[in-house]
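Chemist: If you're matching them up, the sequences are chains H and U in order.
The numbering of the first sequence is the working numbering, which starts it at 3 and goes up by one.
The numbering of the second sequence is the working numbering, which starts it at 3 and goes up by one.
No lab work stands behind these hints: they were computed from the structure.
C-beta atoms are modelled at their ideal positions from N, C-alpha and C, and glycine is treated no differently.
Take these hints with a grain of salt, some might be off.
As the list claims (entries may be wrong) - Residues of chain H clear of chain U, computed beta-carbon distances all greater than 12 Å:
1. 18
2. 35
3. 46
4. 71
5. 81
6. 129
7. 157
To be verified - What follows is a set of in silico ranges between Cβ atoms, one per label pair, in the way DEER data are often shown:
8. H:51 - U:162: 54 to 60 Å
9. U:188 - H:92: 43 to 49 Å
10. U:128 - H:43: 16 to 22 Å
11. U:124 - H:43: 17 to 23 Å
12. H:92 - U:161: 15 to 21 Å
13. H:197 - U:42: 47 to 53 Å
14. H:144 - U:105: 29 to 35 Å
15. H:16 - U:128: 28 to 34 Å
16. H:16 - U:76: 42 to 48 Å
17. U:25 - H:188: 35 to 41 Å
18. H:201 - U:17: 55 to 61 Å
19. U:82 - H:148: 40 to 46 Å
20. U:47 - H:80: 27 to 33 Å
21. U:107 - H:152: 34 to 40 Å
Claimed, not checked - Counterexamples of contact, computed for chain U against chain H with all Cβ distances above 12 Å:
22. 18
23. 50
24. 53
25. 61
26. 62
27. 80
28. 145
29. 152
30. 156
31. 161
32. 168
Protein chains: 2
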Amino acid sequence: MSVSGNTPSRGRPKTLEREHVLKTALMCYWADSPTDVPISEICDKAGASKPGLYREFGSDDGLKEATLDIYNEKVSQRRYDILASDQPFDEVLEALISHTVQDRKKAGVPNGCLLFAMRARREEFGPLTLAKIDQLRENSLGHYRRWIDRAKSNKQFRCDMPTDVAALYFDAQMGSAMRLQKEGISNKVIAEILRTAFSVFR
Amino acid sequence: MSVSGNTPSRGRPKTLEREHVLKTALMCYWADSPTDVPISEICDKAGASKPGLYREFGSDDGLKEATLDIYNEKVSQRRYDILASDQPFDEVLEALISHTVQDRKKAGVPNGCLLFAMRARREEFGPLTLAKIDQLRENSLGHYRRWIDRAKSNKQFRCDMPTDVAALYFDAQMGSAMRLQKEGISNKVIAEILRTAFSVFR
DNA sequence: TTAATTTCGTAACTATAGGTACGTAAAGTG
DNA sequence: CACTTTACGTACCTATAGTTACGAAATTAA
Numbered sequence: 003m004s005v006s007g008n009t010p011s012r013g014r015p016k017t018l019e020r021e022h023v024l025k026t027a028l029m030c031y032w033a034d035s036p037t038d039v040p041i042s043e044i045c046d047k048a049g050a051s052k053p054g055l056y057r058e059f060g061s062d063d064g065l066k067e068a069t070l071d072i073y074n075e076k077v078s079q080r081r082y083d084i085l086a087s088d089q090p091f092d093e094v095l096e097a098l099i100s101h102t103v104q105d106r107k108k109a110g111v112p113n114g115c116l117l118f119a120m121r122a123r124r125e126e127f128g129p130l131t132l133a134k135i136d137q138l139r140e141n142s143l144g145h146y147r148r149w150i151d152r153a154k155s156n157k158q159f160r161c162d163m164p165t166d167v168a169a170l171y172f173d174a175q176m177g178s179a180m181r182l183q184k185e186g187i188s189n190k191v192i193a194e195i196l197r198t199a200f201s202v203f204r
Numbered sequence: 003m004s005v006s007g008n009t010p011s012r013g014r015p016k017t018l019e020r021e022h023v024l025k026t027a028l029m030c031y032w033a034d035s036p037t038d039v040p041i042s043e044i045c046d047k048a049g050a051s052k053p054g055l056y057r058e059f060g061s062d063d064g065l066k067e068a069t070l071d072i073y074n075e076k077v078s079q080r081r082y083d084i085l086a087s088d089q090p091f092d093e094v095l096e097a098l099i100s101h102t103v104q105d106r107k108k109a110g111v112p113n114g115c116l117l118f119a120m121r122a123r124r125e126e127f128g129p130l131t132l133a134k135i136d137q138l139r140e141n142s143l144g145h146y147r148r149w150i151d152r153a154k155s156n157k158q159f160r161c162d163m164p165t166d167v168a169a170l171y172f173d174a175q176m177g178s179a180m181r182l183q184k185e186g187i188s189n190k191v192i193a194e195i196l197r198t199a200f201s202v203f204r
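Go ahead and model the full structure; you've got the sequences and the hints to work with.
Modeler: What follows is the structure, given as structure tokens:
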């Protein structure tokens, strides 16, 4: 059961590479559509067996939940770091836009955002994935709220919108940007749209 | 095959009510998620048999295509009418927002927008539905573009954004609104977000 | 070396959902 | 009334994808 981390000592040694499987699953779900990737495809690409995956993650649902966790940790965290910076509001805004429209090919990652893609398909997931989607979404809104509140107290936020609504506004704009990117709209146009949408705050 | 409209004259008379089936399918797809409704469920709710549906629509793909058509005709058309009005830009903008955040319960229709919901799941449909999604999407953008161009020539559009980008902007904002509505965000908040997003044009 | 333990992976099982074969029913035609 | 035509719907077929039973393999403990 691999209770904690190390020295099970007895029995056949484990060969399944959890991290490798999760990275494989992440790229599959992210590049494609999360609900269109069968477990067997992830097994093939990761070089693992199906029962192996089930032993490690319990179910399809569990695998998706775990994948969302590493997506948050390895991808979304970048954005949270930007939001947590203590630079002036305008500069953070610009950094946010630059980060959003960066060339994904160069960075070696797919277009779009896995979390938004999964939110758009809420109904198709199991309870674990669903709870994780909601948790990460709320987490994301929290980062926006804290950033906005700081900007407000620094008199850098030129809009009388309530913080929670403004957070929804940012989240919605980022979501649109990610969808447009996934649809193949150029990053130049997406940046123009984001700058327009965010211009109401400066 | 019911070639055109009338007088097949010979053979057992047809009992399948095409319009009724389409309305049933529309409500199922719209209220739920279009990819989560099995054909058999639509058959049950519409009181039709599976082979009956297949005779009429050819396939699951064909049924979805036909459903999108009546959605466009009976639902989206309302929005196009608003955009085609010759009222001042600001008033059309406000009418657009009101129409978007109208109480769906009272109107007896589900939250969200079927076309946006299907666009978010592009990969999960067959070729007919896919082509129809793209056609209606392009159609929708065209309505925005014509409206924007008229506003520009009337000097009512206070923004130097290219028309096609502005159309994408409108489309993106409406998409966000529909998704927020589907997620249960109050229409009041959605209206506030839309007004903020559109305030850049006035 | 044998037993105990743990993991491995092939080869199933199962449920779901799209799709259809085919015999029957209901109409007009001669 | 037989014959032709058209549509009906039950009962099946099939493919896919999540899931697991189970015997073999690899390791440590006695």
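Chemist: Take the hints in turn and mark each one as holding or not.
Modeler: Okay, the hints, checked on the actual structure:
1. Against the 12 Å criterion, residue 18 (chain H) stays outside the reach of chain U, whose nearest CB is about 29 Å from its own CB.
2. Not every CB of chain U is more than 12 Å from the CB of residue 35 (chain H) (nearest about 4 Å), against its label as outside the interface.
3. Under the 12 Å C-beta cut-off, the non-interface status given to residue 46 (chain H) relative to chain U holds; the minimum distance is some 19 Å.
4. The beta carbon of residue 71 (chain H) sits about 22 Å from the closest Cβ of chain U, which is more than 12 Å, so the claim that it is off the interface holds.
5. Interface exclusion of residue 81 (chain H) from chain U stands, the closest Cβ pair being 18 Å apart, more than 12 Å.
6. Annotated as non-interface, residue 129 (chain H) keeps its C-beta farther than 12 Å from every C-beta of chain U; the closest such distance is 16 Å.
7. Distance to chain U confirms residue 157 (chain H) as a non-interface residue, since its nearest Cβ pair spans about 19 Å, more than 12 Å.
8. One distance hint, 54 to 60 Å for the beta-carbon pair residue 51 (chain H) and residue 162 (chain U), holds here, with the actual separation near 58 Å.
9. Separation of residue 188 (chain U) from residue 92 (chain H) is about 30 Å and departs from the stated range, judged on CB atoms against 43 to 49 Å.
10. At about 20 Å, the CB distance of residue 128 (chain U) to residue 43 (chain H) agrees with the hint of 16 to 22 Å.
11. Separation of residue 124 (chain U) from residue 43 (chain H) is about 19 Å and conforms to the stated range, judged on CB atoms against 17 to 23 Å.
12. Taking 15 to 21 Å as the suggested C-beta distance range, the pair residue 92 (chain H) and residue 161 (chain U) conforms, at roughly 20 Å.
13. Range check, residue 197 (chain H) to residue 42 (chain U): about 48 Å between beta-carbon atoms, so the 47 to 53 Å window is met.
14. Between residue 144 (chain H) and residue 105 (chain U) the beta carbons are some 30 Å apart, a value that agrees with the proposed interval 29 to 35 Å.
15. Between residue 16 (chain H) and residue 128 (chain U) the beta carbon distance is about 42 Å. The supplied range of 28 to 34 Å is therefore violated.
16. Separated by about 58 Å at the C-beta atoms, residue 16 (chain H) and residue 76 (chain U) break the suggested range of 42 to 48 Å.
17. Between residue 25 (chain U) and residue 188 (chain H) the beta carbon distance is about 39 Å. The supplied range of 35 to 41 Å therefore holds.
18. Our hint of 55 to 61 Å for residue 201 (chain H) and residue 17 (chain U) holds, since their Cβ atoms are close to 58 Å apart.
19. The hinted window of 40 to 46 Å between residue 82 (chain U) and residue 148 (chain H) holds, with their beta carbons roughly 41 Å apart.
20. About 46 Å separates the C-beta atoms of residue 47 (chain U) and residue 80 (chain H), a value inconsistent with the hinted range of 27 to 33 Å.
21. Taking the beta carbon of each, residue 107 (chain U) and residue 152 (chain H) are about 38 Å apart, inside 34 to 40 Å as hinted.
22. Against chain H, the non-interface label of residue 18 (chain U) holds: every CB pair exceeds 12 Å, the least being about 29 Å.
23. Even its closest Cβ contact with chain H, about 24 Å, leaves residue 50 (chain U) beyond 12 Å, as expected for a residue assigned away from the interface.
24. Here residue 53 (chain U) stays apart from chain H, with its beta-carbon at least about 28 Å from theirs, past the 12 Å limit.
25. Distance check on residue 61 (chain U): its Cβ is at least 19 Å (rounded) from any Cβ of chain H, clearing the 12 Å threshold; non-interface status holds.
26. Every C-beta of chain H lies more than 12 Å from that of residue 62 (chain U), the closest at about 16 Å, which supports listing it as non-interface.
27. Distance to chain H confirms residue 80 (chain U) as a non-interface residue, since its nearest Cβ pair spans about 22 Å, more than 12 Å.
28. The beta carbon of residue 145 (chain U) is kept farther than 12 Å from every beta carbon of chain H, the shortest such distance being approximately 18 Å.
29. At roughly 20 Å from the closest C-beta of chain H, the C-beta of residue 152 (chain U) stays outside 12 Å, upholding its exclusion from the interface.
30. With 12 Å as the threshold on Cβ separation, the claim that residue 156 (chain U) sits away from chain H holds: the shortest Cβ distance comes to roughly 21 Å.
31. Its closest Cβ contact with chain H, about 7 Å, brings residue 161 (chain U) to no more than 12 Å, contrary to its assignment away from the interface.
32. The claim that residue 168 (chain U) is not at the interface with chain H is violated, since a C-beta of that chain comes within 12 Å of its own (minimum 9 Å).
Comparing the model with each earlier hint shows violations of hints 2, 9, 15, 16, 20, 31, 32; every other hint is respected.
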